[in-house]
Amino acid sequence: MSYAATHDQHDDHHGAPKGFFRRWCMSTNHKDIGTLYLIFSLTMLFIGGSFAMAIRAELFQPGMQLMQPYFFNEMTSMHALVMIFGAIMPAFVGLGNWMIPLMVGAPDMALPRMNNLSFWILPFAFALLLSTLFMAGGAPAGGWTMYPPLSLQSSSLAYAVFAIHLMGISSIMGAINIIATILNMRAPGMDLMKMPIFVWSWLITAFLLIAVMPALAGAVTMLLTDKYFGTNFFNPGGGGDPVLYQHIFWFFGHPEVYIMILPAFGIVSEVVPTFARKPIFGYKAMVFAIACIAFLSFIVWAHHMFAVGLPLGAELFFMYATMLISVPTGVKVFNWVATMWGGSMTFETPMLFSIAFVILFTIGGFSGLMMALVPADFQYHDTYFIVAHFHYVLVTGALFAILSAAYYWLPKWTGNMYSEFWGKVHFWNSVIWANVLFFPQHFLGLAGMPRRIPDYNVAFANFNMISSIGGFLFGASQLIFVGVLIHCAFFSKKKATDRVWEGAKGLEWTLPSPAPHHTFEVPPVINDDELAHGHVDQ
Amino acid sequence: MTQQTTGHTDEHDPRRGVRRTVKWLAAAALLVYLLTFAQILLMK
Amino acid sequence: MTSGSNRLHRIKRAVTLLAMSAMALVCGVVQAEPHPWQLNMDPGASTWSHVPYHLNNTALAVCTVIGVLVFGAMFIAIFRFRKSRGVVAEKWAHNTTVEVVWTTIPVLILITLAYMATGGLASWADTTGSQMTVKVTGYQWKWRYDYVDYMGKSIDKVGFVSKLDTLSDQTRQLGSGLDPYAVKVGNENTYLLDVDKPLVVPVDTKIRFVITSGDVIHSWWVPATGWKIDAIPGIINAAWANFTATGTYRGQCAELCGQDHAFMPIVVVVKSKADFATWLAEQEGQATAPQTAQVPAPVADKQG
Numbered sequence: 010m011s012y013a014a015t016h017d018q019h020d021d022h023h024g025a026p027k028g029f030f031r032r033w034c035m036s037t038n039h040k041d042i043g044t045l046y047l048i049f050s051l052t053m054l055f056i057g058g059s060f061a062m063a064i065r066a067e068l069f070q071p072g073m074q075l076m077q078p079y080f081f082n083e084m085t086s087m088h089a090l091v092m093i094f095g096a097i098m099p100a101f102v103g104l105g106n107w108m109i110p111l112m113v114g115a116p117d118m119a120l121p122r123m124n125n126l127s128f129w130i131l132p133f134a135f136a137l138l139l140s141t142l143f144m145a146g147g148a149p150a151g152g153w154t155m156y157p158p159l160s161l162q163s164s165s166l167a168y169a170v171f172a173i174h175l176m177g178i179s180s181i182m183g184a185i186n187i188i189a190t191i192l193n194m195r196a197p198g199m200d201l202m203k204m205p206i207f208v209w210s211w212l213i214t215a216f217l218l219i220a221v222m223p224a225l226a227g228a229v230t231m232l233l234t235d236k237y238f239g240t241n242f243f244n245p246g247g248g249g250d251p252v253l254y255q256h257i258f259w260f261f262g263h264p265e266v267y268i269m270i271l272p273a274f275g276i277v278s279e280v281v282p283t284f285a286r287k288p289i290f291g292y293k294a295m296v297f298a299i300a301c302i303a304f305l306s307f308i309v310w311a312h313h314m315f316a317v318g319l320p321l322g323a324e325l326f327f328m329y330a331t332m333l334i335s336v337p338t339g340v341k342v343f344n345w346v347a348t349m350w351g352g353s354m355t356f357e358t359p360m361l362f363s364i365a366f367v368i369l370f371t372i373g374g375f376s377g378l379m380m381a382l383v384p385a386d387f388q389y390h391d392t393y394f395i396v397a398h399f400h401y402v403l404v405t406g407a408l409f410a411i412l413s414a415a416y417y418w419l420p421k422w423t424g425n426m427y428s429e430f431w432g433k434v435h436f437w438n439s440v441i442w443a444n445v446l447f448f449p450q451h452f453l454g455l456a457g458m459p460r461r462i463p464d465y466n467v468a469f470a471n472f473n474m475i476s477s478i479g480g481f482l483f484g485a486s487q488l489i490f491v492g493v494l495i496h497c498a499f500f501s502k503k504k505a506t507d508r509v510w511e512g513a514k515g516l517e518w519t520l521p522s523p524a525p526h527h528t529f530e531v532p533p534v535i536n537d538d539e540l541a542h543g544h545v546d547q
Numbered sequence: 002m003t004q005q006t007t008g009h010t011d012e013h014d015p016r017r018g019v020r021r022t023v024k025w026l027a028a029a030a031l032l033v034y035l036l037t038f039a040q041i042l043l044m045k
Numbered sequence: 048m049t050s051g052s053n054r055l056h057r058i059k060r061a062v063t064l065l066a067m068s069a070m071a072l073v074c075g076v077v078q079a080e081p082h083p084w085q086l087n088m089d090p091g092a093s094t095w096s097h098v099p100y101h102l103n104n105t106a107l108a109v110c111t112v113i114g115v116l117v118f119g120a121m122f123i124a125i126f127r128f129r130k131s132r133g134v135v136a137e138k139w140a141h142n143t144t145v146e147v148v149w150t151t152i153p154v155l156i157l158i159t160l161a162y163m164a165t166g167g168l169a170s171w172a173d174t175t176g177s178q179m180t181v182k183v184t185g186y187q188w189k190w191r192y193d194y195v196d197y198m199g200k201s202i203d204k205v206g207f208v209s210k211l212d213t214l215s216d217q218t219r220q221l222g223s224g225l226d227p228y229a230v231k232v233g234n235e236n237t238y239l240l241d242v243d244k245p246l247v248v249p250v251d252t253k254i255r256f257v258i259t260s261g262d263v264i265h266s267w268w269v270p271a272t273g274w275k276i277d278a279i280p281g282i283i284n285a286a287w288a289n290f291t292a293t294g295t296y297r298g299q300c301a302e303l304c305g306q307d308h309a310f311m312p313i314v315v316v317v318k319s320k321a322d323f324a325t326w327l328a329e330q331e332g333q334a335t336a337p338q339t340a341q342v343p344a345p346v347a348d349k350q351g
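Chains as they are written, first to last, in the working numbering: chain C, 10 to 547; chain Z, 2 to 45; chain L, 48 to 351.
Think of the hints as simulated: they come from the structure by calculation, not from any bench.
Idealized CB from N, CA, C, for every residue including glycine.
Check before you lean on any hint, since a few could be wrong.
Capping the alpha-carbon separation at 30 Å, the derived lysine-lysine pairs in DSS-like fashion look like this [said to hold, decoys possible]:
#: 1; chain 1: L; residue 1: Lys138; chain 2: L; residue 2: Lys189
#: 2; chain 1: L; residue 1: Lys253; chain 2: L; residue 2: Lys182
#: 3; chain 1: L; residue 1: Lys189; chain 2: L; residue 2: Lys204
#: 4; chain 1: L; residue 1: Lys182; chain 2: L; residue 2: Lys200
#: 5; chain 1: C; residue 1: Lys503; chain 2: C; residue 2: Lys433
#: 6; chain 1: C; residue 1: Lys504; chain 2: L; residue 2: Lys130
#: 7; chain 1: C; residue 1: Lys503; chain 2: L; residue 2: Lys130
#: 8; chain 1: C; residue 1: Lys27; chain 2: C; residue 2: Lys433
#: 9; chain 1: L; residue 1: Lys244; chain 2: L; residue 2: Lys189
#: 10; chain 1: Z; residue 1: Lys24; chain 2: C; residue 2: Lys203
#: 11; chain 1: L; residue 1: Lys138; chain 2: C; residue 2: Lys203
#: 12; chain 1: C; residue 1: Lys293; chain 2: L; residue 2: Lys182
#: 13; chain 1: L; residue 1: Lys204; chain 2: L; residue 2: Lys320
#: 14; chain 1: L; residue 1: Lys244; chain 2: L; residue 2: Lys138
#: 15; chain 1: C; residue 1: Lys433; chain 2: L; residue 2: Lys130
#: 16; chain 1: C; residue 1: Lys502; chain 2: L; residue 2: Lys138
#: 17; chain 1: L; residue 1: Lys253; chain 2: L; residue 2: Lys318
#: 18; chain 1: C; residue 1: Lys203; chain 2: L; residue 2: Lys130
#: 19; chain 1: L; residue 1: Lys320; chain 2: C; residue 2: Lys293
#: 20; chain 1: L; residue 1: Lys204; chain 2: L; residue 2: Lys182
Sample of chain C residues at the chain L side, in silico, Cβ under 8 Å [stated by the list, open to error]:
#: 21; residue: Leu142
#: 22; residue: Met379
#: 23; residue: Phe387
Produce the entire structure from the sequences given, and follow the hints as far as they go.
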């Protein structure tokens, strides 16, 4: 590789800046910012995870043992906000930051300084949000959905609203950056229909972000003015309507769900072909399915609101539209299986996480289909069945895909191989305990246990205890991951090759491992055989 | 830094492409924000 | 010796419970309360409640079959197409026929499910022809019930607040030292599922519930009816239930409504029509009698 020799007129750009502050706080380098995002997300995973441990500890037995009910509500609300906005979304942005320029042959993101800003807003947003835990009135306790009028009773509403505004600004800037990069910075010959599916999934996700984050910002702004400036957007006493908030919130909230799963689809669509040593089955169908899901995500929001008393016609429309989503989602699952079929598979840790993703995400999809049926949802709604469903799609779905991606690209990032043995220990612990944690929650919901309750009838005791045990062990398993990361980054003796994986295809694998601080300063000459999807016209 | 903002796909001036994209997207985001209010006010 | 027989006894009880759950799962035995190790939804006890129950079972069966096929294919692939078995990857990456097939078949399955759900939903939405109306109002953290009319006659001044029973309330306090397992009515554990004054309704009567709230959003849910619906300030929602068997049916608030969200259960006692008429007359007598005039009249909940 001769990247170092091509641009000697820019000597100062070849290494990373020396000082810690200059390197990390003033960084405009997509790799360093990507690393910052990933470390931030991992930190938030553990903070949000500690809230989950508190929740599962209180639910370990019937009766109140550890905390007041209000604090329990703070825990559920903060757990969701931190995991969604702090762990899952920044992890995908970090992966996008690191990999998109490498995958399309760009020297950096289109707007490197804005990239720095979109990251550095986040720690401040979360400092604001988490500081409420230490305040007299406590953290927001009205659920992450912040439905009025309940959310208006919270004394920390303003903190939550400003934190969400900051996160929203960060997400929108990140999304603009990603779209500008993908549309303008691709190397010659990297046609849209030759891009890796991960890049496609992020392009579509970024459009979703721009379309819905401002709607959330608008909704929470109205909450703020309702509480502090005497407006009556959602106050029935003043002619407002609390249900309208829910409509806006879920107009944001449902696409948000796909914001957290489409990049996961992209990751799995990279990992499965690599370890099956066979091109992805139905590339065009895969891209089209992502676009379809993104479109449908805008017209299904009221399926979160089947119990608010919608008119019959609306319930039917949203039921049909929701059911329709299972068609493109099904296509994706079938295509992943078809990619494995006839392949030559090996089962390194990234592949294991991706296979677990396909199975467990599909289980979450099944319960999603069941919930789309309105009469059945009258029973499921706001029970532990729902909790089980969205943890299957978000933990064993989104989070497993992120873990898969971390193991997949870690050698490219650090230049070292991680410990395959400890990676597999992490995987098997994660997959077993996640199921012990979440599967019994289906039964609890069906038996009639509402969600967001700190205490329950003794009939629910058995499965809650099993679920809690699974929860503690799942939480502890993630410490293995931290160990693997630290070992890989600082102590691993095993150097990674440039290609890393035998079946890996795509521009990022043509670079040295670890990827140098600056890459593709001169656009690479693209050979279709090098690309994972160089020949898709058949 | 000049190299970093130089794209490859647009032969003429890639920076113009980036700027155009950013303008459109930022305008779209602002529009959604304002429409949210407009919609609530109309529905009330 | 004693501990051994104790353990044996416990295992026996667990087996019996499991068998009961399995029976409930398979044959749909009427089971009104949640019970330990319960695995599936109950069929409920109203004329409509079988709709969600059967939809749930059908959808679950459909999903199980699809799951077995898809995951089965995947596991076959995992075992057959391993590099360690010396398999060489094939080159194909596209097949229009199978793609059309696996797009079409799900559509057909979905149409069937949607057809079933649509019929069920239409019957749920039809609140006409009700013989009784009860107004339900949610408050932080209790329910208020007002009887509006019964058999075409309007009812005056029968209304009361229903909140968590005292024993549950004492037991659920942080560090109370009381045992949730000791909160019982007869043989049944009613921890957090009992109230001081239940809603009393007649059997075999189409009851229209009009549901609203006096403060934040709540959700009125008795699983035996087959539905829940939100109680929203400023909005009046309507739903109906026609109980098919007398008995006591328990439920809980199903929308986060603040710190005591978990502690505002719902109990519906379904009586025979004769018993209900007696009960209603008693209540009306009480309401008009001067010494009990402090029973709050249903006026203060019109907020919004």
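For a C-alpha distance cap of 30 Å, please report whether Z/Lys24 and C/Lys203 respect it. Status holds; Cα separation ~26 Å.
Would the pair C/Lys27 and C/Lys433 pass a check requiring their Cα atoms to be no farther apart than 30 Å? The hint is violated at about 36 Å.
Given hint L/Lys138 paired with L/Lys244 - CA-CA distance at most 30 Å: At roughly 71 Å apart (the allowed maximum being 30 Å), L/Lys138 and L/Lys244 break the hint.
L/Lys182 and L/Lys200: Cα distance at most 30 Å? 15 Å, holds
Within a Cα-Cα threshold of 30 Å, do C/Lys203 and L/Lys130 meet the stated pairing? Since the Cα atoms of C/Lys203 and L/Lys130 sit roughly 27 Å apart, the hinted pair holds (cutoff 30 Å).
Verify the proposed pairing of C/Lys502 with L/Lys138, using a straight-line Cα cut of 30 Å. This hinted pair is violated, its Cα atoms lying about 36 Å apart.
Proposed proximity, C/Lys203 with L/Lys138 (alpha carbon, max 30 Å): OK: L/Lys138 and C/Lys203 at ~17 Å, within 30 Å.
Given pair status - L/Lys189, L/Lys244, alpha carbons within 30 Å: 11 Å, holds
C/Lys503 and C/Lys433 were given as a pair; does the straight-line alpha-carbon distance stay at or below 30 Å? Holds, at about 17 Å.
Minimum Cβ distance from C/Met379 to chain L below 8 Å? 4 Å, holds
Does L/Lys130 sit within 30 Å of C/Lys433, going by the straight-line distance between their CA atoms? Measuring from Cα to Cα gives roughly 18 Å; hence the hint holds.
Restraint outcome when C/Leu142 is required to lie within 8 Å of chain L by C-beta distance: 16 Å, violated
Hints 1, 8, 12, 14, 16, 19, 21 from the list above are not met by this structure, while the remaining hints are.
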